[in-house]
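Enquirer: Here is what each chain is made of, one letter per residue.
Protein chains: 2
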Amino acid sequence: MVDLGDRSYPIFIGESLLSKPEHLCPFISGSQVMIVSNETIAPLYLSKVCQILAGYQVDTTILPDGEKFKNLDTLNRIFDELLSKQHNRTTTLIALGGGVVGDMTGFAAACYQRGVNFIQIPTTLLAQVDSSVGGKTAVNHPKGKNMIGAFYQPQCVIADTDTLNTLPDREYRAGLAEVVKYGLIRDADFFVWLESNMERLLARDPEAIAFAVHRSCENKAKVVHEDEKEGGVRAILNFGHTFGHAIETAQGYGEWLHGEAIAAGMVMATELSRRMGWVSEEDKLRVVNLLEQCQLPVWAPKSIDRQTFMSLMSVDKKVLDGTLRLVLLKSLGEATVTSDFDADYLRTLLSAEE
Amino acid sequence: MVDLGDRSYPIFIGESLLSKPEHLCPFISGSQVMIVSNETIAPLYLSKVCQILAGYQVDTTILPDGEKFKNLDTLNRIFDELLSKQHNRTTTLIALGGGVVGDMTGFAAACYQRGVNFIQIPTTLLAQVDSSVGGKTAVNHPKGKNMIGAFYQPQCVIADTDTLNTLPDREYRAGLAEVVKYGLIRDADFFVWLESNMERLLARDPEAIAFAVHRSCENKAKVVHEDEKEGGVRAILNFGHTFGHAIETAQGYGEWLHGEAIAAGMVMATELSRRMGWVSEEDKLRVVNLLEQCQLPVWAPKSIDRQTFMSLMSVDKKVLDGTLRLVLLKSLGEATVTSDFDADYLRTLLSAEE
Chain A
1 MVDLGDRSYP IFIGESLLSK PEHLCPFISG SQVMIVSNET IAPLYLSKVC
51 QILAGYQVDT TILPDGEKFK NLDTLNRIFD ELLSKQHNRT TTLIALGGGV
101 VGDMTGFAAA CYQRGVNFIQ IPTTLLAQVD SSVGGKTAVN HPKGKNMIGA
151 FYQPQCVIAD TDTLNTLPDR EYRAGLAEVV KYGLIRDADF FVWLESNMER
201 LLARDPEAIA FAVHRSCENK AKVVHEDEKE GGVRAILNFG HTFGHAIETA
251 QGYGEWLHGE AIAAGMVMAT ELSRRMGWVS EEDKLRVVNL LEQCQLPVWA
301 PKSIDRQTFM SLMSVDKKVL DGTLRLVLLK SLGEATVTSD FDADYLRTLL
351 SAEE
Chain B
1 MVDLGDRSYP IFIGESLLSK PEHLCPFISG SQVMIVSNET IAPLYLSKVC
51 QILAGYQVDT TILPDGEKFK NLDTLNRIFD ELLSKQHNRT TTLIALGGGV
101 VGDMTGFAAA CYQRGVNFIQ IPTTLLAQVD SSVGGKTAVN HPKGKNMIGA
151 FYQPQCVIAD TDTLNTLPDR EYRAGLAEVV KYGLIRDADF FVWLESNMER
201 LLARDPEAIA FAVHRSCENK AKVVHEDEKE GGVRAILNFG HTFGHAIETA
251 QGYGEWLHGE AIAAGMVMAT ELSRRMGWVS EEDKLRVVNL LEQCQLPVWA
301 PKSIDRQTFM SLMSVDKKVL DGTLRLVLLK SLGEATVTSD FDADYLRTLL
351 SAEE
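Heads up: the sequence lines are chains A and B, in that order.
Throughout the first sequence, residue numbering follows full-length UniProt numbering, covering 1 to 354 in sequence.
Throughout the second sequence, residue numbering follows full-length UniProt numbering, covering 1 to 354 in sequence.
Hints in this document: simulated from the structure, not taken from any laboratory.
Treat the hints with care, since some could be wrong.
Below, a list of computed lysine-lysine pairs in the DSS-like style, where the Cα atoms sit at most 25 Å apart [unchecked claim]:
#1 B:Lys284 / B:Lys229
#2 B:Lys143 / B:Lys229
#3 A:Lys284 / A:Lys229
#4 A:Lys48 / A:Lys143
#5 A:Lys85 / B:Lys143
#6 B:Lys229 / A:Lys229
#7 B:Lys85 / A:Lys143
#8 B:Lys330 / B:Lys229
#9 B:Lys68 / B:Lys20
#10 B:Lys222 / B:Lys330
#11 B:Lys302 / B:Lys68
#12 A:Lys85 / B:Lys330
#13 A:Lys68 / B:Lys85
#14 A:Lys48 / A:Lys20
Predicted model only: the values in this text are computed from it and were never measured.
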């Protein structure tokens, strides 16, 4: 449960949830439903979801798959479909897919007729542990990631862990980056658990996955409860993201997966924390080792020069009045948002080739 | 003052306000300002506003003028400019112009980095008495007006009545349609005042204008206070709009001005109310006469056939679960939102050529 007063909503986590109408139907407000999915996910799960929606007017919008389609043009296809099928203000949008589908469907729901209801059915690890929870919705702009969006909460989140079985290995591993993030920013015990259980997670042991998804959502829900609109502490969820977004923008969206860029970004932020004297060399190596075990990148590609990197970091949303603020680690398991770091450390770090 | 708890904001109405920093500067949060205006208004008032913004980073986005540019593509030009000039989350957008500029700037502010502050400086009568107050922001979609948007309140509204001096006559008269609306839906005394003072208003008597803008904003603010997100009573502000939007969509945006379409729509809604027996023939003629005095249209163009009209009315946002709801008059000065009207009356009315 994400506790946000009258915008609170439940998160259902478990196996075979897609066949159970009791988690979905009570959260649909009217008689119309628009399922938004993509070309990869729809063939796998769309008919299953449609089956439990008998009695509703069910329409679908199938988007192309990939971060590079997360833009205003693709968003407009959802609006086109809603208007063509005469969906009214009581309609419910359902996001069936990964983070990109969830972010776009949520933003479409926030804007369509100035706001209609929506439900998240995340089908990737990344979406289940991170993007589907907390109400951040957005599309990208050529000049910056997630620059156009809204805070808009879903009616409920349904994380069916069975859907992870069809997830390609690379995407699954990218999702683990965000799982590791919770350990780093606020849950040292969980980080230790991950060190001991990464083998099981990589082998997709259902019990280990269920625990990791639960624990991740629990951490995220607590942070969102404390600070829904990111006035303060919520920014720690962006650990590794200022570096990561710069990587994604420099390469063009879609080269690296989001989780891959975040993994590299987390190591860079940890290294800066180490140079500040907050994290030991030993702890930093634990971070590198855990992410390398997931076969994730642990530094930005060498092709991005320092100048470009700095300039891309400075358009990041964490910049307040010209001052670059970063999420750094005070210790392993405790993050802080600060502009109080040595800019020279950052500059030499960006020139380093690790 | 619009009373909305922690989202309350003041409305300043008067002469020469554009030269007074005390109404503007206290409502700017950071050091960056983006003024959004259009090609018609910018040459008249942009430099004036810039003068009182010394000390801020002031950037501008000048949009083409007209309802037909109120779409996602034009919206994106505002995002382009904000990102090119590296505006961060503490930036303040200023809408300097009519309803189209206000609606787009407000929606851009709602979406940019998931929400930044904005200020309304309406320069048309329509915007001063209606669109700048209440937080409705949106762009159009080819399939429907204002279909993509947000409820998003400004920090303040500055209505400088001097700016109406440069307003073309046709636009000024179109704005009077919304003024008349407040009399019809909830302020019978104001309607009587308008009948007695329309000559003065048409002659642009400053005192009469100031009174009409004040009284209109007062009415609007009270309705918005009661129902910010249009769950109920706020819908009465859409009196004439379901008919009016159908006219605008059928013709393509920009053929008739918004206020002209609303004038025709209000007469059609009044005529339907008359057929329901709620308004007398005599009162209906008072409405027609007052609008004709403003040289406003008092019926839809004959070129729109009944079939088209019905179908366009049914995608309007006031349709709930397939039932068309209309704002009608229970009497002159009292509106109601209802689906409880005789559909045959509506059909024959749409075939009538008045």
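Enquirer: Decide, hint by hint, whether the structure agrees.
Expert: Here's how the hints hold up against the structure:
1. Restraint check for lysine 284 of chain B and lysine 229 of chain B: the C-alpha separation of about 30 Å exceeds 25 Å, so the hint is violated.
2. Taking the CA atoms of lysine 143 of chain B and lysine 229 of chain B, the gap is about 23 Å. The hint holds against a cut of 25 Å.
3. Pair hint lysine 284 of chain A plus lysine 229 of chain A does not hold up; C-alpha atoms about 30 Å apart against a cutoff of 25 Å.
4. Distance check on the hinted pair: lysine 48 of chain A and lysine 143 of chain A sit about 38 Å apart at the alpha-carbon level, beyond 25 Å; violated.
5. At roughly 11 Å between alpha-carbon atoms, lysine 85 of chain A and lysine 143 of chain B fall within 25 Å of each other, so this suggested pair holds.
6. Between lysine 229 of chain B and lysine 229 of chain A the CA atoms are separated by roughly 19 Å; this keeps the pair inside 25 Å, and the hint holds.
7. For the suggested pair lysine 85 of chain B and lysine 143 of chain A, the alpha carbons sit about 11 Å apart, so the restraint of at most 25 Å is met.
8. Using a Cα cut-off of 25 Å, the hinted pair lysine 330 of chain B and lysine 229 of chain B holds, with the two alpha carbons roughly 23 Å apart.
9. Between lysine 68 of chain B and lysine 20 of chain B, the direct Cα distance comes to roughly 33 Å. Violation of the 25 Å bound is thereby established for this hinted pair.
10. At roughly 20 Å between alpha-carbon atoms, lysine 222 of chain B and lysine 330 of chain B fall within 25 Å of each other, so this suggested pair holds.
11. Proximity of lysine 302 of chain B to lysine 68 of chain B is assessed by CA-CA distance (about 22 Å); at most 25 Å being required, the pair is judged to hold.
12. Only pairs whose Cα atoms come within 25 Å are accepted, and lysine 85 of chain A paired with lysine 330 of chain B is rejected, the gap being roughly 33 Å.
13. The straight-line distance between the Cα atoms of lysine 68 of chain A and lysine 85 of chain B is roughly 23 Å, inside the 25 Å bound, and the hint therefore holds.
14. Of the supplied pair hints, the one linking lysine 48 of chain A and lysine 20 of chain A holds, its CA atoms being roughly 10 Å apart against a limit of 25 Å.
When held up to the earlier numbered hints, the structure conflicts with 1, 3, 4, 9, 12 and fits the remainder.
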